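Asks: Here the protein sequences line up with chains A and B, keeping their order. Counting with the working numbering, you get residues 1 to 1382 for the letters of the first sequence. Counting with the working numbering, you get residues 1383 to 1521 for the letters of the second sequence.
In short, the hints are calculated from the structure, not lab data. None of the values given here were measured: they were computed from a predicted structure. Take these hints with a grain of salt, some might be off.
With a straight-line cut-off of 25 angstroms between C-alpha atoms, the simulated PhoX-like cross-links for lysine-lysine are [stated by the list, open to error]:
| hint | chain 1 | residue 1 | chain 2 | residue 2 |
| --- | --- | --- | --- | --- |
| 1 | A | K838 | A | K894 |
| 2 | B | K1506 | B | K1428 |
| 3 | B | K1506 | A | K838 |
| 4 | B | K1508 | B | K1428 |
| 5 | B | K1428 | A | K838 |
Residue-level listing of the chains:
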Amino acid sequence: MPPRVKHRLNTWRYLGVAGFFLLAMAATWGLQTWRVSHVAATAQEQQEAVVADVLVDIEQQFNDIQRDLLARAEALAEDPVIVQALRTRLLGNARQSPHTLVRYFADIDLPQRTAIELYDPAQQLVVWSGFSLPIDEAPQRPRFEETMQTAIAEDADWRQGLVVWYPVRDGVRVLGAVRVMELVYARTPIRNQYLRNYRLGDTWQRQTGLSVSVTFEQPLTDEMPVEGQARYLQGLDGTILGRVSVTPPTPERLVEATRIRYGDVLAFWATLLMGWLMAGLWFWYRAADRGTKQRGSLHAGSRFAMVALAWWGLRYTLLALNVPARWQTGKAPFSPLFDPSHLASTLGNGLMRSTGDIFITAVFTLLFAVAFLGFAARFRHAGPPIAAGERGAAVRQWRPASRVRFFVGVAVGVVLAFGLILVLAVITRQAVLDSTLDFFSREGLFPKSLVLLIFCTLLLLTLAVIVFLTGLTWMVMRPAPQATMHAEEGGRVVLGALLAAAVPLVGIYTLFEVQAVVPWQIAMAFLVVGLGAGVWFFFRPGSYLDLFTLRSVLAAILLMSLLLYPLFYSGLDTQRRQRMQDAAESFVEVRDPKVMFALQQVLQAAQQDPTVAPALADTAHFERQHIYLDSLATVLLRGSLLASLGAYDVSLLFIDARDRPVGRYDAAGQSFDRTVLNQVNDEQFDILQQMYAERGTGGVMVEQMTGRLASDRFQYAGVVQIAAPDQGGRIGWVMARAEQHSMSQEGSTPFLRVLLPTGYSDLYANLSLAEFRDGVLLRSSGRDFGRYRLDESVQRDLVTAPEVWHTEVVKERQFVTYYRRDRAEPASTLVLSPVEQKVVAVRVPAINTFDHLYYLLRLTVAGLLIGLFFYGLGLYLRRRAGRLPAPRIRFRDKVLNAFLVVGLIAVTSVGFVGISVVTGENERAVQSWLRRHLERVEETLALEAQGDEMPYRVLERVRIDSLAARVGLDLNIYDNGRLVRTSRPQLQRERLIDTRLPIPAYQALYLEGYQFTYVEEELGTFTYTAGYRALLDEQGQPAYVLSVPTLPEQERIEEERARTVAYLFGALLLLVVVVMATASLIANALARPIARLRVGLEDVARGRFERKLPVGSRDEVGELVQTFNGMQEQLAESRRQLAQQERQLAWREMARQVAHEIKNPLTPMKLSVQHLRRAYQDEEEAQAPSEGSNGRFSRLFESVTGTLVEQIDTLARIANEFSTFARMPTRVLERLDLNEVIREAVALMQAEAETEIEMHLAADPLILEADHEELRRVYINLIKNALQALPDAIEDKDAGRITVATEQQEGGEAGFAYSTVTDTGSGIPVDLRDKIFEPNFSTKTSGTGLGLAIVRKSIEERGGEIGFETEEGTGTTFWIRLPLVR
Amino acid sequence: MRLWYQKWSVLALFMVLVLVADGTAAAQDTPDLRTVRDAFVQGDAKMLLDAAGDRVEIALMGQGQLYSRAQATYVMQDFFREHPPEQFSLEPGYGDEGSWIVAGEYWYRQEEASLQVYIHLRLKEKQWEVREIRIEPRR
């Protein structure tokens, strides 16, 4: 298909898909309009249908719950173990059967909010597991022993449970009954992260989205609501257990729900359409970009700007459409992602309005950054990589197109880069500050899911900033085409660039207060990494794929985490300091207007309630009055703001006309009638009454008073006079009081933070607070203020500043403390007036190095998730680029990977074992703590004993609260498995602790005979440990069980555990870094010499032997390199000799051929000439008379033939020489004196010499073994060369000298004969020295050039050496060293 | 020219007076709750929290948290989206030593029941700041 047609077809397809989305949108919109109008028109029918559906659904679910309970009850009732145990029990073996049953029940794993009980036929509880509820009315029913029963069990107004009874039968005989319960309603006195109310109706309400009201009160008293909107909830046995009513949605709501439902679909189509259009725009941009590579960057820039605008337009459109948050509401699994109560910031106009949205924004940003990088790639240098290590050499390198533009670009680029870093810092800071997520949590290695997501988000943004910086670098470094730059020039450019970068940065930090948001060190780190990456990839195009290897990904994660962490911690630190300031402000607040307002509200409501006066006046009916006032107080307190202020103990006191208290009722539901009211109530009322009278204005009066229980704590109290409605006279008073819980008080156990409402506990969590007056501690909360005096240095600092921050070390622990002077600063004198001083201090443990490492590790762990994605992406990209499977794996990589795997395994193992050890140790410490304290309680009881009185007897007579106060612990006392006394009655009253001993504790203490045990328990979702100790009676049986919970200490225990965990993981991170660094070093140390060896071997393979490898170490690798170098030398020598031999062989062959070819015709030629001469001579002699005419011819003939013969002889000599070289004559070795041979040679050559050949021969004969003739020829050759080297026209004959010398040298077996032939000639030129012994070499116009080649061959074959020393213009000395013989 | 100069001087003086007057008005003993009321009537979280402190405690149906102002804005925005306002009334408040607490009743569309609203304000640097918002079903 032609490309044009194909292109058109693709365009039509693209438009077709877009058109489909548009059509789908239009259709959905039409459907929505129709459905909305239809729902509006048939609202009533719709309402009925919705309610009917919901009711059926609820009924179905309720039946399912019952069936589950029934199945469990039936299974238990028919279980042979239970049947047998009950049968045994009935036979009278009461001790044996509980043992089996208790063990059986203790092993049952129960679902949340479920409990089981087993009763005998007398309705006595035999064994249990889980919570307790009072007995319901089912056992009273006639068929109770025959079949299953359902009922609702109520525990005051705190809890309700759905109950299924099932009889345990042995044939016809009834052995007992199983009771299985599930909570359907549970109320908590306060609500926080651990304690939540639970209503089955709420679950259905969330599921249906409608208002569902469920009533389980027994008996059902109210009338049935509107028919069709309510239904009875029946038990499986037909008993009516409750009633459910569903408020039908209003027509408006129905319409709105319909509109939203279709709106969701519309948003879906719109999202697809926008995504499709964006994809189209992107491909258009890419195609246009590819087609116009050569055009100016302005066109490309404008196109990219369009894409960028569309991209961010898409993001904001998604925000406007509330996509994808609109699809994740209610029970959807990802709904927490879009819940602003976890994180929401106004920064970016919605880009950060929830955890999910900020994550999506981060993904958008990273993709945009990558697109920007693609755009900036057009500016990147496309030349080959720079040759490294060639210092000073002119290499083909980058050069800016224009220096001025480059420096301006650097300055602008740095400002832009800093802007990006600043934006990241602000986002990071706001992500922490505008969040309620606990980033400081130290619960383990893995952060909670939302925290993890925020970490990932911030890391993605950090990565995006680095990518942006890389792109900016490429744009700034835009090179000039085909330019080179010398190193010196490069140095100047780099220096200029550094200056251009530094100037704007210094300006920014000088002019603006950005140091607090982005410390300059952090900015520098970002710039170095970002710009470094930019420069690196600028000169190495294509190497980005290396970033996706596992090692690079891990290194990048660590780098990103290191870059991000300081910014992140800055936000955390700011948040912590803000919280400390808020806590200080709250702590010092004298009056709480909320409480005063709430008391006023309650008292006003009491005054306006027409039933209060008659109730107060009804003194004749004591019981009726008490019940009514109890109910009235409940209504008044629960309906007020006081009910939600969990940090206060609130109570109402009713006083009759004679100023006598008639009843006190508190918000927790506890009430005291007039018989038990203590004197304190009277005294407080007297004071208030007096103040009320003095004020004289009537109405409600609320005042702050000294605390009732502790004088250092304020309480709020108010009073209102109740008048008779008709007569107007006073018939009584209502007094309301609210007292703040003590956070920590000497002599008693601290208030449980787990019982504080959410905001309150958040504010003070992990903080210690103190108030100092006149430098002396007035009150404190928390454990960390041990000193009763304010440090003088702090007082001095507070003279000049209203608030100061100190980092202090207290008993070897470091703390950060915030001090705030709460009053106006004193008089101008610098001496602090202690009388004026009021200081609030807030202290928190400082974050130490290990904490930092731990937080950094958590950040890195989050990065690993991102890394996993990028590694997967890298696998795909590398495979596509043909890099996978890798054609070769570097040794260094192998070593590094091995270290990495070993390191990670080691760290994981250590982490796992460490956590196990820490958890185990922590558990043992808690057990030990509990055991020790329980023993202390028993010892305290023993000290109170009179005579031989047993501790349990003492326990019976001492007050539990005084005992608890003495030992400083919370105490619970159980009698035969039931809670009988507690030092925290509030917990029992509010059903936060169960009244029954946990079955594992019962089993251990009563049946297995242990004196101490411990059990993990829960208060809501707050887990703690309780220790139990049996107090034995005279028979050695448990009379009572003492229990101490870790509740007040649990936070400290958790904190210590968290700290240990943090230290462990911090150390592990350090270990990971050390392992990685060591691995890198070792891998480099191992791989570098091997890489050098590889290069060396490659050189050798290429025939280059001259490069020796440096020996970097003294180990085996160093020895290997040395051996390699030696081997390389030997190879070089062998190669040289081989080459020489080859050349000689070639020359010999050639010489043989030449000799053969020349010599063969020479003899006939010479013979012919000689024959001709003889013939001519004969003819001449015969023709003597004609001498005159033939004389000239005769001379010419003689001359020519003589020359011919001479030349033939010369040719023959040359041929002989060639022949000699090619085929050395057979040597006849003999012992001879070298001096004699030299004398002969000199004597022979002296005839040809024009100068005297001097001889300096050794005195002693130099006996060696050689061929006499061959050796003489050697010296003749050398002397001949020396003679030829002498200048031809030497004026001064003495100036040209030839000297032959010999001497004996030590060495070898018998020493050496060392001889030299020296001339004073012109010397050998440098460029000819290497060729002097080569066979084809000759500087003469005549000769074969074989002389010296033959000489060397002769000498070397005799085991000798030959060489020369020469100096141009001075002369040459040839030396020969031959081995002597003995 | 002289007229122009005089005109701008008068305008500048007027601006200064307005600013001073505004500052004076902000430092009143009792908070002006009109903005709060309007915000609840219109279901406008931004308007409600414009006058909030850096950190605000918001307790909705018993679940409370300390939020930054920005986060609180979105939390209240969500609340208003789920409970679109129908009617809102404020009761007389109670104030003491720079604090002010006021209760209100909030009716929202789609439900007949109303919600009880408590708002706590504090005077800080002569400005009343919303510090706490509690919304819970009427008991």
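Asks: Of the numbered hints stated previously, which ones are contradicted by the structure, given in increasing order?
Replies: 1 and 5
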